[in-house]
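Given next are the chains, with one letter for each unit.
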Amino acid sequence: MNLLVKIAPLLLLFMSCKKKDDPKGNQVFLEKGVLVLSEGLFQQNNASLTYYDDKYDVLHQSFYLNNNDEMLGDVANDMLRYGGKIYIVLNNSNLITVLDAYSGVVLKKIPMTDSGTGRSPRNIVGYENKIYVCSFDGTIIKMDTSTLYPENIIQIGRNPDGMAISNGKLYVSNSGGLDFPNYDMTVSVIDLQSFQELNRITVGKNPGSIVSDFEGDIYLIKRGDYGSDSTRLLRIDPLSGVVVQEFSGLNITQIFSTGMGIYFVHTDAYGNHPKLGVIDTDTEMVTDSNWFDISHVQTLYAIHVDEPNSSIYLMDAHNYSSSGTIYVHSFSGSLIRQINTGYLPKKVVIFE
Amino acid sequence: MKFRIFILIILGVSGSVYSQMDTNRVHLQTVEIESDSLAKKAYPNMVYLEYNSDEIQNEANDDLGTLLSRSSSVTLKDYGGIGGLKTISVRGFSSNHTGVFIEGLPVLNQQTGTINLGNLRAENMSGIQFGIGGMNEPTLPVRANAYVSMINIIPSELRTDYQDLKMRFSTSYGSFKTFEPFFGVNARYGKNKRSRLGINLRYLYSDSDYPFTLENGGKTISGERMNSRVRTILGNFGGNHSFKNGQLSYRLSYSKDSKQLPGAVILYDSTESRQQLENQNASAQIKYFHFGQKWSLLSFLSYHTDQTEYKDPDYLNSSGGLDDNYLQNNLLGGFNLTFKPAKRLEILVGLDEAFSKLASNKVTLDRTWRSDLRAMIGLNYSVWRIKFQANALLAYITDQNAGIETFQSTKVNPFFSIGMYPLKNSLFHIRIFYKNSLRPPTINELYYNQILKNVEPETAHQLDIGLSYKTEKWTWFEYFVLGVDFYKNFVRNKIILIPTQNLFVWSVQNIGKADITGVDYYFQFKTSEEKKYRVSWDFKYTLLIARDITDVNSKTYNDQLPYTSKDNLSTTVGFEFLDFGISWGINYGGPRYALAENIEANELPSYFINDLSVYYNFKFKEEKHLLRIKFDVRNILNEQYVLVKSFPMPGVNYNVKLVYEFTR
Chain A
1 MNLLVKIAPL LLLFMSCKKK DDPKGNQVFL EKGVLVLSEG LFQQNNASLT
51 YYDDKYDVLH QSFYLNNNDE MLGDVANDML RYGGKIYIVL NNSNLITVLD
101 AYSGVVLKKI PMTDSGTGRS PRNIVGYENK IYVCSFDGTI IKMDTSTLYP
151 ENIIQIGRNP DGMAISNGKL YVSNSGGLDF PNYDMTVSVI DLQSFQELNR
201 ITVGKNPGSI VSDFEGDIYL IKRGDYGSDS TRLLRIDPLS GVVVQEFSGL
251 NITQIFSTGM GIYFVHTDAY GNHPKLGVID TDTEMVTDSN WFDISHVQTL
301 YAIHVDEPNS SIYLMDAHNY SSSGTIYVHS FSGSLIRQIN TGYLPKKVVI
351 FE
Chain B
1 MKFRIFILII LGVSGSVYSQ MDTNRVHLQT VEIESDSLAK KAYPNMVYLE
51 YNSDEIQNEA NDDLGTLLSR SSSVTLKDYG GIGGLKTISV RGFSSNHTGV
101 FIEGLPVLNQ QTGTINLGNL RAENMSGIQF GIGGMNEPTL PVRANAYVSM
151 INIIPSELRT DYQDLKMRFS TSYGSFKTFE PFFGVNARYG KNKRSRLGIN
201 LRYLYSDSDY PFTLENGGKT ISGERMNSRV RTILGNFGGN HSFKNGQLSY
251 RLSYSKDSKQ LPGAVILYDS TESRQQLENQ NASAQIKYFH FGQKWSLLSF
301 LSYHTDQTEY KDPDYLNSSG GLDDNYLQNN LLGGFNLTFK PAKRLEILVG
351 LDEAFSKLAS NKVTLDRTWR SDLRAMIGLN YSVWRIKFQA NALLAYITDQ
401 NAGIETFQST KVNPFFSIGM YPLKNSLFHI RIFYKNSLRP PTINELYYNQ
451 ILKNVEPETA HQLDIGLSYK TEKWTWFEYF VLGVDFYKNF VRNKIILIPT
501 QNLFVWSVQN IGKADITGVD YYFQFKTSEE KKYRVSWDFK YTLLIARDIT
551 DVNSKTYNDQ LPYTSKDNLS TTVGFEFLDF GISWGINYGG PRYALAENIE
601 ANELPSYFIN DLSVYYNFKF KEEKHLLRIK FDVRNILNEQ YVLVKSFPMP
651 GVNYNVKLVY EFTR
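As you go down the protein sequences, you meet chains A and B in turn. The opening position of the first sequence corresponds to residue 1 in our numbering, with each subsequent residue numbered one higher. The opening position of the second sequence corresponds to residue 1 in our numbering, with each subsequent residue numbered one higher.
Bound-form chain B, shown alone:
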């Protein structure tokens, strides 16, 4: 333990980084990256998608959850409304297998493991990178390899799509009394303009009450979601300074969030929820990346504090309701050292450590400490048009609850991949990878009910074979991409909560097993910007057979996992003419089951959601000034559907957004 603390102190002095997370939900902070970043070249061996600022802004995307639901391999779980919890499942794995990073550093939530992607709003993102697989990446902590998939957000305060100065003011008003203004300034300054600075402020208010209809047997009931009001204020400050052989970046963030929770729609219950969630969190991070001819070093440090209060005045205890308080503090630090001992060989070693402390008025959770160390060695070797990558990631996790060591786990997870361009002067690419990763039990899983068992981390195995073809600046295409990925995944030691003596006493056991087979197919193009008009088309389809193979004697054996459609399709067609743009997005999710048993009573019907977005840009004074008006119609066919049983989604709804931007 002393050794690890010493490492953190050294790192703190030498440079670096980050933070930001939360207990139940996380609020956005932001990061940014050049749209055609180094990342694409660095990660040819993994499944990799990127969204730039225009792509985020042009479609009817409010938040990261909605945006990623248009990606292949991704299934969105959405509890409805502006404040509703949104999580994603990637390739049939539970949401905790996806890591969320901001400006290259992880958003940790050791208490629940859940990051609410609904809190990560479009205005705070100037870029998104989404990868499935492994990587030996000098600019990211080794923890980025700890997940099945990872999302990296480039926040608006660290955007780079300007020369000297960018000012952006936007305000949107939409259905359900939703109002969201944003103001941000970014500037370059100093000698040779080597420094950048960004600051922004966002406020969100929404009543978020909306009407719905639900099937009840052969009848249809209608109602209105109530107690859904959301109020959020978020401020971010960040910057960086480039040296001859390095870059120092830093970031501060604060948010305050108040949400009413409407709860599930309960048949015949005439009462209204009065539950409420109050959250405040603050984070600070610093990161330094030094690069040379033969070696590079990344070091980082971050701190994040997150305070959550959950209130339910209708809970029938003697104190007149629930008032649960949680305070989570996370400290993270680490380094990566990459060096090239030979022309074709690159070796990466890295280590990072996260300390988390949870305090709560819930006695079983109070005074919980978690130490989470990850260390990795990785090799990159290139020969001909082939790139080999391999790494081994060590996870050493220990917990203390009320002063007693209660959990310890040491695991090593390997990754191996081959990426190849078999044809000369062609971007036809083949990749194969095997990745093994783990998902440790969360603090809630281990201690919420005071039942401790010998729980092991959940293990994920991924085997992927992918073929893709990409061409750029070809005839009248700006780019043209075609790809397919076949994959086979296994989950072992799946963490499952099981009631024991009654529904109040739960036990956590590693008894689940899942077998997942899938195919992702994707196709994208955009026509060249030389013409007055441009057309883009993005099509993604996923076939996912995700079976529960836990117990051959169980009624659920071989059944499709809950909330996992076999068929998922999303497509977006865009058309731009001069300064006018229109985008039409379709999301289809096939029938799913709300529970593990594939019986008719558990089936949730398929959904087919259409969103339309129209915008016009007024540019003047050499395009330094931009005035933009955008109109979104979501769920244009007014489909009544659920993504989570008993949590109906909104029908047709509208949003108008006005943006003024000054760029120099």
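So here's chain A without its partners, still in its complex pose:
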């Protein structure tokens, strides 16, 4: 079995999803398939959307370009499907692009600027018909999903870098990454009803990715200083508002929550040799720290777990100078599919 898992990626390299690629010109609809956001490289204006159409087994590598006759923009950091829309956060274009979640056509482009200065938006979440965007300028902007106009804005910590919602509250990690080496060390807690910052929880240097589970627990990665202060996964109890657990011994660099489980990537001390692990959200214990062999992945840039279909998407940025690949594995580790993407595949949305 192990051998099969190891050689499966190689076999698939020869029979992979090159498929019938991009029949250009015709509009492509998002019905059943996988939409992939690729971040693109800085100042190359090559952020992109790729759509793998599961229904017809066709890969539309330039989905956004095909449906809109233009490029997506520069450095796409996040994508959210919420209601009937898809929101794309374009960090270096200082823009939120809103698409129709069926036709993939642009509905609106929302500039993220403040008196001529770019806000540098990073992440987006949705809650009760509102969307919330955090930006490196230290702000959270609240927008209504029907009008797509900003309703309110608050200032929080330095260079917010991740958001998670739990029990009507928004938890935002304040990285302070642009103040290297003087990082921020806090997570802001915002009441979404009043849209006021309630308090800041001290968690350690350079907090980054943050997610919640079905119990409302908050998990976040404190990235440290990439030196003596190692990257660690922490758990915050939402009731007490303090860090109650550190998953010591593991350099956890990425997390993904399905609500029922927290899936993570951990590496050696130098950021190399990534492995997959799982945390049981009932017991809050690591149940597996070497789930299956992923040595065929050159640079694991992001993960996505599709629990209903028991599959995991491993997004490979390769050497950063070539386009990416997504390896779709079953929970048993076997390779189901390989999807060629744009540069630095970052986010996946599944259409059923």
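Any given hint could be a false lead.
[To be verified] Over 12 Å on every C-beta distance to chain A, these chain B residues come out as not near it, computed from the model:
1. 195
2. 270
3. 517
4. 541
5. 578
6. 628
7. 662
[Said to hold, decoys possible] Some chain B residues close to chain A (C-beta under 8 Å, calculated; not the full set):
8. 264
9. 266
10. 269
11. 272
12. 316
These aren't lab readings, by the way, just hints derived from the structure by calculation. The beta carbon of each residue, even a glycine, is placed where N, CA and C say it ideally should be.
With chain A's structure known, arrange chain B on it following the hints.
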């Protein structure tokens, strides 16, 4: 270490030389050489081009980058505008493999390795020498052999195209509110007029904002490049004194430069860049060359200081923006000793040492020292009509960062060549050379992100076979040149920056390999000056297959290297009638890729740029006085193109130049 310091002190007392460089960009200083210099005869075994003052001035060349882009083997990377960074890639090698020298001494930039050729403006150059390959040259530091190719600029303050006195005043005004006045005086003085002295001053102002259009998928967007203003003031002073068996030369230079940086064109971004770069640098150099029947000695010393401040008020840190300061100090000294133990044999030994110190408010770069020693032994042997050249160059480089030794490298690079004139009384020439050279990691590559790895210098291997035919004063030709060079190059240990944990943390690794095959073809002639009219034609074509062979499993394996066109063509046709002249230049670059993967999304379209230059010279009083008016139209077909992705180049633009020159 003590030994090397001692050498520098001795050299300082005995004589010599130079300096000038910078951190992010370098500003011109100048040098000069007689147009048909000894160099041609000295370097028959290398690929060698030369531009004299007229050639520099007659065409629509603003700067060294534009001028060299008309040479075969050269690909220009230009970020656009008067202040935009310009670098060249020679025969598929990265820009750091080309050394830039002024008056025979190197312009060092150990921090970035990048010399901005856009800062080296035409008025400050009275001659340019450009060579690919190796040489055992008594008048140049052995470091000149350390590069794949080298450029030597002869600065205007050391020009020699006059008997007693030359005064030159020029002023130009052009598109994008560009204004550039220049004033220079050169004089000979002393007993038997053995001494020369030159001084000049140049100012440059340009708004440099220009309109552009860019393709965005199936749409076309238009805009204007903003925040591009450039202000530069540059002063140079230099001179030399000839002795019976030697020459002492010296030079001082100072420049102050303020540039706004427009940045890349980012789709949909409505903000405007407010980045700014302030730079000041000063240099001093002294050089003494002694020559005898059996031996010669070159010794030199130079000092250069370069201060750069980079500001970005829109950077979203808590202090309200970036304000990075860098201060680089370079001290260089060395000697060359050449002697002839036998009639046909010449031996050269030389050594030079460069100390560089970088101070910065960026903590990872602060307190960085680099000691860069080069030593060489070379042999020239001539028999029949064949010249053999060989040398071995030692590089010993060590770094200290924050008091800790962080980098050390010792390498020996060989060079071997044969040059031959197989036919009697003919200038048909065959040359073959193999050259091995290295490119050490820059200070930024090693320390910018505080990630240190066992980085080795990048290695370049060149194998070249060239055939050329040249004739002078033949029928109605002043000269006629025809040549072709075939070459095979390899890059090993290519230095590549790779993000590790995320895009903020980078590692430097020696993982790149490249395989380059090329052909240069060139053809030039100019008709004799005995007629009232003269015609010149210069044609150059390069075929360059430069492949990435780093990793057979990579998507980029066997792909053409980024920003390297397979086809490059340049041609210039000139016509002169009495005092009237016109020159038309064409530059063609084939399709290229902006990134390593050769996919449609990365393709940059070919470009075809036409420049026109027209001038008229009014000469009076026995031609002592010259009044010249010159009109340039650049990119006459208003081609919208990029040389670097997201950095559009200007469309059609104009420049008028008025020159008054008094020569005696």
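Violated hints - listed by number, lowest first
As far as the earlier hints go, only 2 is violated by this structure.
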